[in-house]
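Engineer: Hey, can you work out the whole structure from these sequences and the hints?
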Amino acid sequence: MANDLKFLVVDDFSTMRRIVRNLLKEIGYPEADEAEDGVVALHKLRNATFHFVVSDINMPNMNGFELLNEIKKDEKLKHLPVLMVTAEARKEDIVRAAQQGAAGYIVKPFTKATLEDKVNLILTKLGLK
Amino acid sequence: MSTGIPLSSAATTADLSQDVHQRLGILTRQLHDSLQGLGLAEKVKTWAGELPDAKSRLTYIARLTGEAAEKVLNNVDQAKAHHDHIAAETRRIGELIVKDPVSAVAKGHVMNFIHDVEDATQQIDTNLTNIMMAQDFHDLTGQVISKVVTLAANIEAQLLQLLIITAPAEPVSKPVEASASPASPTTFVVHEHPVLQGPVVNPEGNPDVVKGQSEVDDLLASLGF
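Chains as they are written, first to last, in our numbering: chain D, 1 to 129; chain P, 1001 to 1225.
Honestly, the hints are just simulated from the structure, not real lab data. Incorrect hints may have been included.
[To be verified] Calculated lysine-lysine pairs in the DSS-like style (CA-CA distance at most 30 Å, straight line):
1. P:LYS1071 <-> D:LYS108
2. P:LYS1211 <-> D:LYS72
3. D:LYS91 <-> P:LYS1080
4. D:LYS44 <-> D:LYS112
5. P:LYS1071 <-> D:LYS112
6. D:LYS112 <-> P:LYS1211
7. D:LYS25 <-> P:LYS1211
8. D:LYS129 <-> D:LYS72
9. P:LYS1071 <-> D:LYS25
10. D:LYS78 <-> D:LYS125
11. P:LYS1080 <-> D:LYS125
12. D:LYS108 <-> P:LYS1107
13. D:LYS108 <-> P:LYS1055
14. D:LYS112 <-> D:LYS78
15. P:LYS1080 <-> D:LYS25
16. D:LYS91 <-> P:LYS1211
17. D:LYS25 <-> D:LYS125
Structural biologist: As structure tokens, this is what we get:
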């Protein structure tokens, strides 16, 4: 079941998208698509089935907070867990993400173990693992 | 004691020096008045505050790229050592099998070799993952570079505007073209958001930022997450 889950990785840096996708594959989640900002992500989320979103915050066009807000406002998408993976290390950003409904928060630079722990924890809480 | 300069020449030098000082004084006063009149004095103070921040951000880039290079080279060294070991073992086991295949299996050489290969591939896989993770500096430094470039462009634009405003009335050989909008010369861009954001380059002593994932987890736990 967990292996079939489809992830959407949102980050404006292609290197980081590639790293996160590779890590997800290594920890047992090979199904992943990517988007370079919130606008593209939202379009993909509304036109295909995803089970998990891993998103950066600082992005052009639509940032991670705006994307999170749009996801939580959308009846069809609001159930989606959103894990923020970002360089923003300000406490107010972490609190804001939590208040807006983020499922988790990882600060860059991070390790494979951190990503694995957070993803598995969120999936376990949701009964998807 | 003579300086070797004729009196008339010394007088001319003194006059010239006085004239230069006077002109510098006028220019300084003009610049000061312009900065004050255009409300730029505060801007200059802000730039003065932001430039050291930009400096520490560039230092952060140098540190991060240096660390990434070090991490990559260390992992390449380790992976090559594992690879060399397996290559050497492969040759050795190959020779044993050619010499006496039954003995090679019976004495456990082949099984030991298989375990060695398994261990080495796991180690090499970890090294490759580490090399991949080391590339995350591109994202972090990219964000920082973008902020510093924005700051530099902002200062350049403001200085260009100041140059246009304070340029002499008589035509110059190569007029400076303003790339800014045709708004009033006294209109200056005020950024809604601070110019420098992105990764925190100096978390030490700053209570508003977290220093690592464990602090993020603690903060979220305190919020009931």
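Engineer: Starting from the hint list further up, note which numbers the structure goes against and sort them upward.
Structural biologist: 3, 11, 12
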